[in-house]
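Novice: The primary structure of each chain is shown beneath.
Number of protein chains: 4
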Amino acid sequence: MKVGVVGLGYWGPNLVRNFLSNKEIKKVYGCDQNLSRLQFINSRFPEVQLTDKWEEFLNGYDLDIIAIATPVATHYPLAKAALENGKHIWVEKPFTFKSEEAEELINIAERRNLKIFVDHTFIYTGAVRKIKEILDRGDLGDVMYYDSVRVNLGLFQNDVNVIWDLAAHDISILDYLIKKNVIEIAAHGIANYYNHENIAHINIYFEGNCFAHFHVNWTSPIKIRRVLIGGTKKMLVFDDLEYSEKIKIYDSGITINSKEGVYDALVQYRIGDMYSPRVDQTEALSLGVIEFINAIKENRQPLTNGYDGLKVVKILEAADFSIKNKGKLVQIK
Amino acid sequence: MKVGVVGLGYWGPNLVRNFLSNKEIKKVYGCDQNLSRLQFINSRFPEVQLTDKWEEFLNGYDLDIIAIATPVATHYPLAKAALENGKHIWVEKPFTFKSEEAEELINIAERRNLKIFVDHTFIYTGAVRKIKEILDRGDLGDVMYYDSVRVNLGLFQNDVNVIWDLAAHDISILDYLIKKNVIEIAAHGIANYYNHENIAHINIYFEGNCFAHFHVNWTSPIKIRRVLIGGTKKMLVFDDLEYSEKIKIYDSGITINSKEGVYDALVQYRIGDMYSPRVDQTEALSLGVIEFINAIKENRQPLTNGYDGLKVVKILEAADFSIKNKGKLVQIK
Amino acid sequence: MKVGVVGLGYWGPNLVRNFLSNKEIKKVYGCDQNLSRLQFINSRFPEVQLTDKWEEFLNGYDLDIIAIATPVATHYPLAKAALENGKHIWVEKPFTFKSEEAEELINIAERRNLKIFVDHTFIYTGAVRKIKEILDRGDLGDVMYYDSVRVNLGLFQNDVNVIWDLAAHDISILDYLIKKNVIEIAAHGIANYYNHENIAHINIYFEGNCFAHFHVNWTSPIKIRRVLIGGTKKMLVFDDLEYSEKIKIYDSGITINSKEGVYDALVQYRIGDMYSPRVDQTEALSLGVIEFINAIKENRQPLTNGYDGLKVVKILEAADFSIKNKGKLVQIK
Amino acid sequence: MKVGVVGLGYWGPNLVRNFLSNKEIKKVYGCDQNLSRLQFINSRFPEVQLTDKWEEFLNGYDLDIIAIATPVATHYPLAKAALENGKHIWVEKPFTFKSEEAEELINIAERRNLKIFVDHTFIYTGAVRKIKEILDRGDLGDVMYYDSVRVNLGLFQNDVNVIWDLAAHDISILDYLIKKNVIEIAAHGIANYYNHENIAHINIYFEGNCFAHFHVNWTSPIKIRRVLIGGTKKMLVFDDLEYSEKIKIYDSGITINSKEGVYDALVQYRIGDMYSPRVDQTEALSLGVIEFINAIKENRQPLTNGYDGLKVVKILEAADFSIKNKGKLVQIK
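Note that the protein sequences, when read in sequence, are chains L, W, C and A.
For reference, each letter of the first sequence is one residue, going 1 to 333 in this note's numbering.
For reference, each letter of the second sequence is one residue, going 1 to 333 in this note's numbering.
For reference, each letter of the third sequence is one residue, going 1 to 333 in this note's numbering.
For reference, each letter of the fourth sequence is one residue, going 1 to 333 in this note's numbering.
Rather than coming from a laboratory, the hints here were simulated on the basis of the structure.
Predicted model, so just to flag it, every value in this text is computed and none were measured.
Any given hint could turn out to be false.
Which copy? The list can't say, so a pair holds if one copy fits it or any two copies do.
[Unchecked claim] Below, a list of computed lysine-lysine pairs in the BS3-like style, where the Cα atoms sit at most 25 Å apart:
| hint | residue 1 | residue 2 |
| --- | --- | --- |
| 1 | 314 | 80 |
| 2 | 233 | 223 |
| 3 | 326 | 179 |
| 4 | 326 | 311 |
| 5 | 130 | 248 |
Work out the full structure: start from the sequences and follow the hints.
Specialist: As structure tokens, this is what we get:
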């Protein structure tokens with residue numbers, strides 16, 4: 001297969017490197033309007049054929065796959081053009097800026113039997129795959145809450161607020177791990193520097209008395225990447241900044257014997273052992289590339305496909321509407 | 001002065017110990033309906049005179065001060081009776097369960113020239129006093145956001161949710177540190193075990209584009225006590241679980257040159273040195289006792305008085321209303 | 001039983017408190033030459049009968065047990081007088097300053113059927129008891145090395161160096177956990193401030209290719225309390241400053257297929273899961289008091305008896321000799 | 001200049017990458033006997049000219065510099081041949097396996113006016129350069145002790161023990177930072193797996209009552225990289241695993257008023273503020289390359305030259321002799 005990567009800024013070179021090292025990919029092409037980016041790629045990966053003309057990608061090189069790593073606002077027109085020219089597409093997160101755009105892209109792909117891969121890259125990390133395994137095995141019992149903090153200093157995006165940038169990761173992870181329906185969303189936050197919010201708190205109400213919260217922040221002096229998952233049986237902590245103990249499972253919990261009015265004697269705290277499973281260190285992006293290629297060869301949906309991308313976009317849209325309306329509650333259908 | 005402590009459960013013995021060790025206090029009395037608590041106090045502090053009759057406190061012992069460390073719902077009737085019998089009062093946080101109750105107590109105290117001390121104990125810790133000093137000196141510049149996490153496993157309260165229990169601490173700290181007016185509040189969360197919320201996220205909008213968020217949780221497998229304060233000049237992290245480096249000030253920040261449409265070239269991240277000031281280790285409660293006694297002797301308001309207690313209760317009331325209405329925005333006057 | 005505590009400085013009050021709260025102890029007496037310490041004890045524990053005359057302890061009060069919490073150099077004369085007056089003795093660590101003294105005390109006690117309890121207090125902590133259980137069960141396989149770091153700022157002792165103060169703890173723990181014979185000892189270090197060493201590194205060679213090292217330091221800017229134990233099957237980390245995860249067991253190791261000259265292909269690293277067992281939080285001193293009382297009642301040796309105290313003193317003596325001779329190797333018989 | 005890198009295993013590719021990105025280097029050549037390593041380099045750096053014939057390096061390519069990244073035992077013959085063929089040499093640490101070899105290489109280089117660069121790479125890190133600056137400014141006062149821990153699981157070397165591998169780093173850092181003369185050395189440790197020690201404790205006595213200790217260990221379940229430096233004025237902690245706060249300076253210390261016999265009243269502990277300077281993140285290796293090229297152009301010794309390499313080898317030799325003789329004290333001239 002031949003793959004073309006459009007957008008060679010921050011993330012694009014990682015796509016180039018991973019496509020280059022996959023045996024199924026015969027040739028990698030690169031496209032960017034910025035000549036200095038083309039020079040950079042040429043110096044690091046001389047075997048990549050480069051162009052600053054997007055039209056070459058659509059018609060010139062007989063590409064099988066176009067990977068889109070450009071700013072969010074351009075995902076839709078580039079993806080649409082690629083699909084209409086018969087290319088499978090790989091799109092960076094978030095899939096699109098509007099859910100209608102995502103739906104239209106899905107429809108075109110379905111009609112032409114092309115595959116859409118949305119690069120929810122955390123889904124392919126060893127840690128998230130291990131947590132999925134733990135949850136699916138029922139180790140935690142029923143999930144009661146999910147709490148995520150993703151804060152650090154920088155990198156501001158020009159075109160979107162912190163929700164579209166950072167929360168896109170967390171919502172894709174949540175959607176992968178927690179198989180419950182989202183009912184309502186509310187988001188709060190602040191834009192301290194210019195018109196895009198740099199801090200956001202997103203609250204998600206699920207059916208079945210389950211609740212999630214995300215704190216995303218571009219302006220924190222320290223970096224935190226931590227998820228708490230509370231289950232009826234056990235509780236889990238995922239700290240992505242830990243080197244070797246990213247996941248900890250606590251055999252801890254609360255038992256309440258619900259005789260009215262006498263709670264204090266009947267609340268039992270259980271603090272038990274802790275267990276930290278080994279996490280596979282394979283680079284997530286290389287597994288994403290394998291999954292996409294296999295999906296194309298097997299003519300099936302990849303694990304992170306257009307429908308997953310659409311679900312994430314819907315939640316991002318709702319959160320963005322809510323934060324601009326001081327936490328107005330938004331229903332999700 | 002003679003002081004009586006009513007309520008000898010979890011916190012009352014700490015009051016007894018600190019009143020005993022203050023030179024201005026001649027005699028300490030204790031009262032509880034639970035005989036086993038009286039026995040416990042007798043074995044540890046044999047010099048305390050004990051009773052299970054609240055009336056003795058009002059009339060029998062000629063007390064100057066009554067300290068109230070009973071469940072929240074009983075604060076108002078006990079405090080009212082004490083004031084009406086001419087006693088200065090010390091009340092555990094939160095001051096009362098309703099703002100009208102707090103207002104009535106303030107009025108009685110004013111009329112009779114009695115002092116109310118509300119035990120917002122964190123205000124007297126070395127760490128919070130140091131942060132106050134840093135903020136007042138203008139080291140951080142203008143405060144843009146305040147973010148607090150206070151989570152652990154247990155202790156459930158019978159009569160109130162996690163907002164009235166844990167967030168009372170954070171709101172008193174916030175009110176002490178940030179001298180800006182609160183405009184609106186919204187709270188989200190969940191009650192996983194019985195009818196009181198065990199997780200709450202409280203969002204506070206201040207005038208002047210400042211925002212605060214509190215995460216309080218009784219059902220976290222791990223304990224976290226961390227505050228981030230973002231200023232226009234510097235940023236501060238307060239981690240109360242650190243042994244010796246509770247406060248860290250980061251000479252870090254973001255500068256934005258606001259020429260329209262060219263954000264990326266103009267966003268500057270500054271990551272500089274960090275500084276951690278030494279924090280005084282004196283027990284907060286002993287300083288609170290000194291402050292209250294001095295306020296009585298000097299016939300002035302103590303640092304944490306009825307008005308401070310009232311402000312905290314108003315915010316707790318608003319947050320409690322909001323969380324029971326899925327984050328409905330509440331105006332604060 | 002009636003118990004008298006001599007030496008009411010830093011540690012003595014903890015002994016008083018724990019003897020007071022044990023049901024088998026009818027009355028507690030205290031003795032110190034320093035009147036301000038007697039006043040301190042009187043204000044906190046009014047039920048304790050106090051004296052500044054050591055003779056009263058030997059003859060006056062009909063004591064069953066004398067607990068000695070005075071400086072190391074006085075342990076021997078006080079303990080000898082107590083035993084010769086028919087008292088069971090509790091002695092703080094280190095047992096004595098010379099091994100001959102320890103041997104003499106053991107002999108007197110044996111002749112008169114009195115019990116000696118040496119307060120190797122860490123043996124009674126939940127963490128050390130749990131590690132013992134893990135080692136005895138064979139979870140780690142054969143122990144290959146034991147490495148301990150115990151450093152912080154202060155408290156200098158007047159009469160001894162950092163070996164006699166801090167390493168006494170570590171050697172008692174090591175002796176309890178590792179049932180192998182010590183062959184040789186060498187110690188290095190420095191006295192930066194006065195004639196007692198403030199830093200020491202103690203190296204212990206065991207039979208069976210096992211090695212231990214202790215780093216003790218009174219002059220470290222940060223506090224570290226960490227033990228690594230390397231076994232042929234698994235490895236253990238004990239961090240006493242961790243709040244809830246003091247013990248971590250790593251399913252990690254090295255396998256070497258010993259074909260000469262081709263090591264690189266045959267060294268296998270195994271990095272597996274980690275497991276952290278819950279640790280009992282009961283105060284060690286209260287368990288020590290129970291053990292001593294039971295040993296007296298059952299007429300048996302307590303878990304930490306004179307022989308254990310002697311073994312620790314022998315190693316401390318050897319280390320002290322070695323450090324004063326720039327690491328001269330000392331044989332242990 | 002034209003540079004040839006011999007040895008393309010673990011570290012060699014980093015040399016290739018850094019030489020490639022330096023503007024003064026016109027062409028990079030690579031040499032390894034292992035064809036799979038040549039293929040690896042070809043796929044990643046197609047512009048590098050490759051050979052499996054060492055003779056080509058000496059005669060064929062007209063090289064200015066030969067960089068040697070092969071196993072320690074081969075450093076001497078390769079370096080000697082390179083110098084005798086008129087090449088400047090870059091040698092990985094440790095410089096040689098015997099001090100006589102190092103001396104001979106220095107002599108050849110001197111005679112032919114060629115430069116020797118020994119890759120003590122930590123000297124070029126932002127952290128070590130910052131510590132040097134702090135020490136040279138006298139912020140810590142006089143250095144009393146230096147304590148370093150460098151432990152983790154793997155990588156075993158085939159040909160040398162843990163001293164030659166890991167301690168080589170620490171000794172080069174120590175020699176750079178502490179400008180005092182080493183007097184004596186003793187090392188202890190154990191070989192648990194085969195005939196090379198996997199754990200070593202190296203004790204170094206300096207003139208002027210200063211002491212250093214290194215703990216290096218290939219078989220620790222956890223990774224630790226921490227240095228404590230105790231000065232008469234302040235103390236420093238360097239934790240290389242910290243992401244952003246690698247260096248912490250504690251305004252803490254001990255003051256002793258030396259009136260004989262009354263130590264306790266006169267020992268003063270001072271625990272003050274802590275300060276963490278920002279550390280430059282530039283890749284050390286790129287700065288090393290620049291330094292070497294400048295030294296050649298300016299006809300001067302580079303910062304880490306043959307004499308520095310020799311000093312480190314002498315200490316390694318002494319430590320290796322000592323560890324094989326159970327800590328026998330070795331004098332250093």
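Novice: Checking against the hints above, which ones are violated?
Specialist: none
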